[in-house]
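Engineer: We have chain H; now place chain A onto it with these hints.
First to last, the sequence lines map onto chains H and A.
My numbering puts the first sequence at residues 1 to 627.
My numbering puts the second sequence at residues 1 to 216.
Take the hints with a grain of salt, since some may be wrong.
Below, computed lysine to any residue pairings styled on SDA-like, alpha-carbon distance capped at 25 Å [as the list claims (entries may be wrong)]: (1) Lys5(H) with Gln199(A); (2) Lys4(H) with Lys171(A); (3) Lys575(H) with Thr590(H); (4) Lys442(H) with Lys171(A); (5) Lys4(H) with Gly127(H); (6) Lys444(H) with Asp496(H); (7) Lys171(A) with Asn9(H); (8) Lys4(H) with Asp22(A); (9) Lys442(H) with Pro46(A); (10) Lys141(A) with Tyr211(H); (11) Lys444(H) with Pro46(A); (12) Lys247(H) with Ser19(A); (13) Lys29(H) with Thr12(A); (14) Lys442(H) with Asn383(H); (15) Lys12(H) with Cys115(A); (16) Lys12(H) with Ser201(A); (17) Lys4(H) with Leu56(A); (18) Lys247(H) with Gln190(H); (19) Lys327(H) with Gly91(A); (20) Lys336(H) with Ile5(A); (21) Lys15(H) with Thr143(A); (22) Lys101(H) with Tyr211(H); (23) Lys101(A) with Gln2(A); (24) Lys4(H) with Thr12(A); (25) Lys15(H) with Trp530(H); (26) Lys31(H) with Thr90(A); (27) Lys29(H) with Lys12(H); (28) Lys336(H) with Gln199(A); (29) Lys15(H) with Gly91(A); (30) Lys336(H) with His20(A); (31) Lys4(H) with Phe44(A); (32) Lys15(H) with Leu61(H); (33) Lys4(H) with Cys115(A); (34) Lys489(H) with Gly443(H); (35) Lys327(H) with Leu36(A); (36) Lys294(H) with Arg29(A); (37) Lys336(H) with Ile75(A); (38) Lys522(H) with Arg512(H); (39) Lys247(H) with Thr90(A).
Simulated from the structure, these hints should not be mistaken for lab results.
Quick caveat: nothing in here was measured; it's all calculated off a predicted structure.
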Amino acid sequence: MIPKKLERNLLKVQKPGRYIGGEPGSVHKDKTKVDERIAFCFPDMYEVGMSHLGMKILYSLYNSRENFWCERVFAPDVDMEDVMRSEGILLYGLESFDPIKDFDFIAFTLQYEMSYTGVLNMLDLAGLPVRASERKELSPIVIAGGPCACNPEPLTAFVDLFLIGEGEEVNLEITELHLKAKNEGWSKEQYLHEAAKIPGVYVPSLYDVTYHEDGTIKAVTPIYDDIPEKITKRIIVDMDKVFYPDKFVVPFVEPVHDRAMVEVLRGCIRGCRFCQAGFIYRPFREKRAETIDKCGKALCDSTGYNEISLTSLSTSDLSEIEPLLDKMLTWSQERKINLSLPSLRVDNFSEALLEKIAKVRKSGLTFAPEGGTQRIRDVINKNVSEEEIMNTCRTAFEGGYTNVKLYFMMGLPTETDDDIRGIAVLAQKIVDMFYAMPNRPKGKGVNVSISCACFVPKPFTPFQFEPQDTMEEFDRKQKLLRSSITTRKVTLSCHDASTSFVEEILAKGDRRLCDVVELAWKKGSRLDGWSEHLDIERWTGSMKELGLDAAFYANRRRAYDEIEPWEHLDYGVSKEFLIRENKLAHADTTTPNCKQKCSACAANKLLKGEKCVAAKYQDFLRENGKG
Amino acid sequence: MQRNIRIFFEKTGRAKYISHLDMTRCWTRTFNRAGLPMWYTEGFNPHLYMTFALPLSLGFEGLCESFDARLIADIPLDEVKERLNQVLPTGLQISRVADQKMNAREIKWADYELCLECENPKSVHEKLTEFLNRDSIVVEKRTKKGVKDMELNGLYTVLESSFDETSVLLKLRLATGVETNVNPMLLLENSPVYAEILQTSVRRTAVLTADLNNFE
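So here's chain H without its partners, still in its complex pose (with noise of 0.2 Å):
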């Protein structure tokens, strides 16, 4: 049943359906009769939220515990939260409608820095103090992870404890270890303790941060023995036996992904050198076509989906690919069900891949070769050539799309005006192209549709020791890109420059920032994901007030022998990789991925003892007979 305060409020709201829950597939518990209760947070909306399939997993795989009911919760949009602090409503979980200050587990999954006030928002609008240290009871522990806590430091001040890497395991041990101290009357520092003794745990309370007079960082220092100085990552080895649900809760609104998704490979071989997915989820682990296709072909029976999306960061690399799309299409055609691949890349999209994917309905193409010139495109270890551009767009123009998309990049290290330029030569060339063939689609006129992001270096990246464009200097090249496109049928979209220049300071900001995101918060930032909500003067006011210079932390380049805020945590790829890397880019040169050549980034220490990728796509040529 609905609380009779919320309900007298719901009309008052837009779309109140994303507050009421009770959609198909979600988890309904008895809560007398379960041990721990965990509230998963996305620090967004609920449209943005319910696109995310992490939640997804480790909501089934909370679930799946018969003594754990995990809920799920989102931000309010404004005119929700004015509700809620005018009438007094707490923040609550989607199932039972408790207030989750009540549960054991606070979660929150963080996917992009521009969410972190709003965490912020939501401990507040649950009713808790925001700051650690000033929530003193066992219930409920602040956990966050996901692929921004790789430098957590601007949120260690709000957060009790981070996972870091994959969560299928580590998430359920610290779970567990809480119901042990609940039983035995721990107090919270003893769980913390703990829990920070696990592999893949960082609580960030027991490790003490030093600074040099020139404000970088001395010594990063745990403060017991028994807790280590480095916290490697967590990931499983084996990603053919993940756990992965059979049902998704299927929402009633709808959010931005409205289907059914499954996960078919982790890591990528590809090391493009501005992506931080590419070297945070090293190394590469994929799924068995067979696996693929049954946990499919079951999470369409169960949520009714027309749509399944095959995730990852580079589907096409999958080595069954062709194999599983042909299984797929057995069943997928006959009911409606249209096969979605995002992420596929120019150098390996075949004729046969489209007709695959083209078969039950027919969109935009979407592609990132994110550099306008060979040159910049070598630097960023894109490894992708014009030709290889030009001809997956003439398949797509052969194949009856008259839409692409590029997807595009300023800012990388080394660029000159050449390539700013190149970019608009490049979307040229490919309405021409278009109009010098004789078999283009008939009756239609080519689209070309530019988005040009400012570049954002992040932490774990070859480009980590790199300095961002100043917002000047993003203006300029931005100005440069609008007047060198002539053409109507080239449609242009650049970022806004401010929001990548918040990004950067967060992404590689240390403990300091803690402040800066409170303050920014406090004057108001929340949804700041979303243009609309954001007022880029609450952070950079911020930083005035409380003495910090943005420049340090976006605009400088950083030593190579500097401790990074973020250098205590292990995420498998070396930091001497990094810096081999970073120098072969302003070298101009290439390197080859990780199936062709394996580089030594020493993620692969991971596994365990089990091969990595190069050594397993070795052994499935000679499998294929093509070794």
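Structural biologist: Quick look at chain A alone, frame taken from chain H:
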């Protein structure tokens, strides 16, 4: 094999917050989960064919809602009902699956139960009774074509009215259908007591033809 069917269902509890647009997606997935082969529109973007006789406003409950769809396999209608009910979310429940006996154009009236929570039910009831007994109630109705005046007299009947310690209870019959459609909130919003109402619960209890037979 194709068979046009009409599905009668109840929408109550949490489900009343599912908007009409979201309902069509919800039903498509319900048919898929039930494994029922349904007819899809042809063309560029095929979708499961569904026609709702009388969409329900967001936040209203309904006991005799219906929509039409087309079955493309020979499955007994009772089985269709069973299979759908097993996979429907809480708050949605099918009462009957039948052939389409009438045309949706025959719908002329609908009955509503309104529960109006307020501080002073006795006085609200009194004022409301006076309002509903007026010879003429002219209101502004916003349509897609703009704002126009509408005379509500003759378009509603009060079937019952009462009050208890917390609420005023009202049963209304309102003109409904393709030509004239009066939402109970239109009447309420124009009443002198609207500001005094803390919360309104609305439930559609019957959908009727000109001679007051149930729509079938």
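Engineer: If a hint holds in the structure, say so; if it doesn't, say that too.
Structural biologist: Right, here's what the structure says about each hint:
1. Lys5(H) with Gln199(A): 10 Å, holds
2. Lys4(H) with Lys171(A): Answer holds: lysine 4(H) to lysine 171(A) is near 23 Å, not above 25 Å.
3. Lys575(H) with Thr590(H): 18 Å, holds
4. Lys442(H) with Lys171(A): Distance ~60 Å between lysine 442(H) and lysine 171(A) Cα, so the pair is violated.
5. Lys4(H) with Gly127(H): Distance of about 19 Å is within 25 Å: holds.
6. Lys444(H) with Asp496(H): Not OK: lysine 444(H) and aspartate 496(H) at ~32 Å, beyond 25 Å, violated.
7. Lys171(A) with Asn9(H): 24 Å, holds
8. Lys4(H) with Asp22(A): 24 Å, holds
9. Lys442(H) with Pro46(A): Given pair lysine 442(H), proline 46(A) holds - Cα atoms ~23 Å apart, limit 25 Å.
10. Lys141(A) with Tyr211(H): The given pair, whose Cα atoms are some 68 Å apart, is violated under the 25 Å limit.
11. Lys444(H) with Pro46(A): Holds, at roughly 22 Å.
12. Lys247(H) with Ser19(A): 24 Å, holds
13. Lys29(H) with Thr12(A): 21 Å, holds
14. Lys442(H) with Asn383(H): Violated, at roughly 33 Å.
15. Lys12(H) with Cys115(A): 18 Å, holds
16. Lys12(H) with Ser201(A): Cα-Cα ~14 Å, so holds.
17. Lys4(H) with Leu56(A): 22 Å, holds
18. Lys247(H) with Gln190(H): 37 Å, violated
19. Lys327(H) with Gly91(A): 37 Å, violated
20. Lys336(H) with Ile5(A): 21 Å, holds
21. Lys15(H) with Thr143(A): 22 Å, holds
22. Lys101(H) with Tyr211(H): Between lysine 101(H) and tyrosine 211(H) the Cα gap is close to 35 Å, so the pair fails against 25 Å, i.e. violated.
23. Lys101(A) with Gln2(A): Holds, at about 16 Å.
24. Lys4(H) with Thr12(A): 16 Å, holds
25. Lys15(H) with Trp530(H): Distance ~17 Å between lysine 15(H) and tryptophan 530(H) Cα, so the pair holds.
26. Lys31(H) with Thr90(A): Roughly 19 Å separates the two Cα atoms, so the pair holds.
27. Lys29(H) with Lys12(H): At roughly 29 Å apart (the allowed maximum being 25 Å), lysine 12(H) and lysine 29(H) break the hint.
28. Lys336(H) with Gln199(A): 43 Å, violated
29. Lys15(H) with Gly91(A): Roughly 18 Å between the alpha carbons, so the hint for lysine 15(H) and glycine 91(A) holds.
30. Lys336(H) with His20(A): 23 Å, holds
31. Lys4(H) with Phe44(A): 45 Å, violated
32. Lys15(H) with Leu61(H): Violated - the C-alpha atoms of leucine 61(H) and lysine 15(H) are around 29 Å apart, more than 25 Å.
33. Lys4(H) with Cys115(A): 14 Å, holds
34. Lys489(H) with Gly443(H): At roughly 15 Å apart (the allowed maximum being 25 Å), glycine 443(H) and lysine 489(H) satisfy the hint.
35. Lys327(H) with Leu36(A): 22 Å, holds
36. Lys294(H) with Arg29(A): Given pair lysine 294(H), arginine 29(A) holds - Cα atoms ~19 Å apart, limit 25 Å.
37. Lys336(H) with Ile75(A): 20 Å, holds
38. Lys522(H) with Arg512(H): Distance ~17 Å between lysine 522(H) and arginine 512(H) Cα, so the pair holds.
39. Lys247(H) with Thr90(A): 17 Å, holds
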